[in-house]
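Participant: Input sequences plus hints: build the corresponding full structure.
Protein chains in written order, with my numbering: chain B, 1 to 549; chain U, 1 to 377.
Calculated directly from the structure, the hints in this document are not laboratory data.
As the structure is a prediction and not an experimental result, all values here were calculated from the model.
Watch out, some of these pointers could steer you wrong.
[Claimed, not checked] Quick partial rundown of chain U residues pointing at chain B, CB under 10 Å, derived from the structure:
#1 Ala24
#2 Leu28
#3 Gly75
#4 Leu147
#5 Phe149
#6 Arg157
#7 Ile167
#8 Ala175
#9 Phe181
#10 Ala331
#11 Glu334
#12 Leu337
#13 Leu343
#14 Phe344
#15 Val346
#16 Val347
[To be verified] Far from chain U by the CB rule (all over 10 Å, computed), these chain B residues:
#17 Gly71
#18 Gly80
#19 Asn103
#20 Gly280
#21 Leu308
#22 Gly356
#23 Tyr400
#24 Ile532
A virtual CB, placed ideally from N, CA and C, is assigned to each residue, including glycine.
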Amino acid sequence: MRLFSALLFAMSLTVAVPEVRAQSASDGAAFADGLAALNTKGFDDKAAAINALAGLGDPRAVDVLQAMSEGLLFYRKEDGLVVVAKEAGRRQYDITDPVSAENLGVVSSRDLRKISANNRLRQLIRGVLGQFALLDEDVDRRIAAALDLMKSPSAEAIPLVSAALTQEEDPAAQKVFQTTLSVLELRADDPATRLQAVEQLASFVDPTLKTHLERLLLHNGDGFVEPDEGIRNAAAVAIERIDRRIAYLTVIENLVFGISLGSVLLLAAIGLAITFGVMGVINMAHGEMIMIGAYSAFVVQQAFRQFLPPELFGFYVVAAVPAAFLLAGTVGLIIERGCIRFLYGRPLETLLATWGISLILQQAVRSLFGANNREVANPAWLAGSIEITSGLTFTVNRLYIIAFSLIVVALLAALMRYSRFGLNMRAVTQNRSMAASMGIATGRVDALTFGLGSGIAGIGGVALSQISNVSPNLGQSFIVDSFMVVVFGGVGSLWGTIVGAFSLGIVNKFLEPFSGAILGKIIVLIAIILFIQKRPRGLFALRGRAAEA
Amino acid sequence: MSPVMGRLVALESRRGWQVVCGLAVVFLLVVPILNQVVPPSSPFHMPTFWVVILGKYMCFAILALSLDLIWGYAGVLSLGQGAFFGLGGYAMGMYMMRQIGDRGVYGDPVLPDFMVFLNWKELPWYWQGFDMFWFTVLMVMLVPGLLAFVFGWLAFRSRISGVYFSIISQAMVFAMMLAFFRNEMGFGGNNGLTDFKDLLGFNLSRDSTKVGLYVVSTATLILVYLTCRFVVRSKLGRVMVAIRDAEDRVRFLGYSVAWTKLFIFTLAAVIAGIAGALYVPQVGIINPGEFAPAKSIEVAVWVAVGGRGTLFGAIAGAFAVNGAKSFFTGAAPEIWLFFLGALFVVVTLFLPKGIIGALSSLRRRLPGVRQRETKVA
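Facilitator: This is the structure we're talking about:
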């Protein structure tokens, strides 16, 4: 598809170039004529002359028109030659012939007469000069000028754009110019040109161009904006193609957004899943671990601002990750040793006690940092967005979060699979009393698991701080969702959590456009309640006798 | 003595009846008299403000009773009790909205203000009938009961229990909160239902109406308490306790665990709905905030503080915690959440049987009491 349009585009260039070259050879005389036409009395005539001159697409016109709007365009009384002047002392002007760019020396103001402009003309010139930015030396400014033209298209600018296109060497700018030209040509007088433009636009399949095509099909008084039915049909076909592409892009966009939402959920839920798996307790303060992680990102950021040179500021996120892990992990360890271990075998009481702890932590953070949102800035390498193709852009931080969460989960999986601690952890998950009788210090495994789970939640908080504001209620908004992930995926299962998080994230994003964010969430909650009818222990249930206990 | 009377009397021990009757006299007679009859100048006068607060506590106590029934006796910790409370409240709120009639800001004879504001042309079907009080009372019990029945049927049938059930019930109340926040639901969205004028023709802003609501709430609390006592003393109540202590064994013995739980869960929901319906006219507003998961989980701490599985403990806990809340949010709002959080931790760690349990174990240590108990035995 893309290849085809590029080919078409290249072909159109090779055909167009010799023609325009030939045209520009004859332009020398045309430019001089156009210049001479400026030298008239009536402002209406001058306006027509300005448009004609601009229509030639000759870059030399820029200086002339600039001079005219500044009151520095004159004609020589002796031969009527139009010249651009520069002030060179009292009543003295340094004049130049704009056609040949030849300096004609300093003359007295008595030998010249001004070609005056009024406000209306100055405004006209400003618009015309804007089009001439297509010939600017800076590529970005050329592209910006073309995009500007597309916003307020008019048929008058067609020659200018096509002239600019032939001179353009930058491929990105060429593409924009070609698009702009086609958009402008939709307003051309010649139906053949219009039809060609519609077909050209159809080949681009760019969602941003849809409005231009749709305009053709609008009713205009008694008829359509576009009088020719063939062109209207072609436009309708083109719109349909664009619509299909938009639908396709939306799917991709929702998929990526869903995956990025899912990876945040994954970071939030995975700690919950392993502590639930190992210890059979639900940690209602888990959301507050996320909050603690986010606040440590905030504190590290402030410390970097305060004490380190600004060049290093971008690295604060890197420093915040271990800081958040350690802080949240330590808090988790303290909670386990100080409270939860006394409540073994009483999961409902643990749930209530950890809820109490979450209230205390929230209020503590509120007292320390205030109840308002705190802003954590994106460092430069996490800010901005990349455009995959026109109409499909992703912010960089979301892509980083996806990668980051996958790395964290991979590390965790490796830890559980290959380390001694991971082995003990899995043993306790499967059968606590058997593990204890084999000499595993279950108490220590519990404490470390809890610390690990909390630490990962803390890391999740750092990731979250990059996409949303940091507030004391941050954890609360995630707790129900993370529980749903765990319930859906299956308790104590790493894979279940991964699948659960991503599918919940994606389903949420896909439901959003149809039903709105809130209704989408309700639907997901109801769906999960119904889902666990079929599989009460989640998608990836642990099997075996121990799992029943 | 007829058998019915006999069973009624057997609900409580003699001492229990003494306490119940004593408290009933104090709260049903003395409080209204102190408010209505004793002149405001007297030091014994009770301001209406306090009566209203007590009335609110009565509703909370009913709500706590409903949770104690399902958690304390059947071992199912529902973190969604606020959903039923809120639904009952909304049903009553809808009735009072309809009672406003054309006295609203926009003066529409049928549509409540927020519907006029949203440019709705006619009353949604689910608002029909709420202009009749008997229908409202029916709905106050039916809607929460139906939700609990469906939800409980889905949950208990597939043997979802323990923490799983708690989390799912919390998700349910969370979903309700999100749903009721939406304007399209037709329940006033974010603002909920408010600006009530009167109830059954009694002006809600008058002191006598407030005291009347207080008396009704107190009487309902006593009635609900006796109903709960009746249930837990029945054979069904024993099965409930057995399920709490050894669910599998009860199942092996041939009892239907799911239906027992379902019955008690539905009954608890109906009770919570009644509590909500009594609560709303006293505070004058119902909004989706009542469905906040935090509110539902707070009910669990009332019950835990008072003592689970005692019924009386739930009432005591509701009064104690809400009393502390009123005190702290007035005196030092910053400290309240610290205190509430600490309460969750301390009660679960050190007072597994709550205040009532702690008191009775204290009493058992007194030599005189032990002698008397042995004599009775």
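Participant: Each of the hints needs a verdict: does it hold here or not?
Facilitator: Do the hints match the structure? See the list:
Nearest Cβ of chain B to the Cβ of alanine 24 (chain U): about 31 Å, over the 10 Å cut. The hint is violated. This hint is violated: leucine 28 (chain U) has a C-beta 33 Å from the nearest C-beta of chain B, more than the 10 Å allowed. Contact between glycine 75 (chain U) and chain B, as hinted, is supported at the beta carbon level, the nearest pair being about 8 Å apart and thus within 10 Å. Below 10 Å, beta-carbon pairs count as interface contacts, and leucine 147 (chain U) has none with chain B, the closest being about 12 Å; its hint is therefore violated.
Look at phenylalanine 149 (chain U): its Cβ only gets to about 14 Å from chain B, farther than 10 Å, so that hint breaks. For arginine 157 (chain U), the interface hint holds, the least distance from its beta-carbon to any beta-carbon of chain B being 7 Å, beneath 10 Å. Restraint check, isoleucine 167 (chain U) versus chain B: the minimum CB separation of about 5 Å is within 10 Å; hint holds. With a cut of 10 Å, the hint placing alanine 175 (chain U) at the interface with chain B holds, because the nearest CB-to-CB distance is about 4 Å.
Hint on phenylalanine 181 (chain U) holds. Least Cβ distance to chain B is approximately 7 Å, under the 10 Å limit. Annotation: alanine 331 (chain U) was flagged as interfacial toward chain B, and the flag is violated, the nearest CB pair being 16 Å apart, outside 10 Å. Contact between glutamate 334 (chain U) and chain B, as hinted, is supported at the beta carbon level, the nearest pair being about 6 Å apart and thus within 10 Å. Because the closest C-beta pair between leucine 337 (chain U) and chain B is about 4 Å apart, less than 10 Å, the hint holds.
Because the smallest distance between the Cβ of leucine 343 (chain U) and any Cβ of chain B comes to about 7 Å, under 10 Å, the interface hint for this residue holds. For phenylalanine 344 (chain U), the shortest C-beta to C-beta distance to chain B is roughly 2 Å, which falls under 10 Å, so the interface hint holds. A distance limit of 10 Å between C-beta atoms decides the matter here; for valine 346 (chain U) the minimum to chain B is near 8 Å, and the interface restraint holds. Hint on valine 347 (chain U) holds. Least Cβ distance to chain B is approximately 8 Å, under the 10 Å limit.
Taking the minimum C-beta to C-beta distance to chain U, about 58 Å, the non-interface status of glycine 71 (chain B) holds against the 10 Å cut. The Cβ of glycine 80 (chain B) sits about 70 Å from the closest Cβ of chain U, beyond the 10 Å cut-off, so the non-interface label holds. For asparagine 103 (chain B), the non-interface assignment is confirmed: its Cβ lies about 72 Å from the closest Cβ of chain U, beyond the 10 Å cut-off. Annotated as non-interface, glycine 280 (chain B) brings its C-beta within 10 Å of a C-beta of chain U; the closest such distance is 8 Å.
The beta carbon of leucine 308 (chain B) sits about 34 Å from the closest Cβ of chain U, which is more than 10 Å, so the claim that it is off the interface holds. For glycine 356 (chain B), the condition that its CB be more than 10 Å from all CB atoms of chain U is violated, with the nearest at approximately 2 Å. With a least beta-carbon separation of about 30 Å from chain U, tyrosine 400 (chain B) lies farther than 10 Å from that chain, consistent with its non-interface assignment. The Cβ of isoleucine 532 (chain B) sits about 6 Å from the closest Cβ of chain U, inside the 10 Å cut-off, so the non-interface label is violated.
Violated hints, listed in ascending order, are 1, 2, 4, 5, 10, 20, 22, 24; each of the other numbered hints is respected by the structure.
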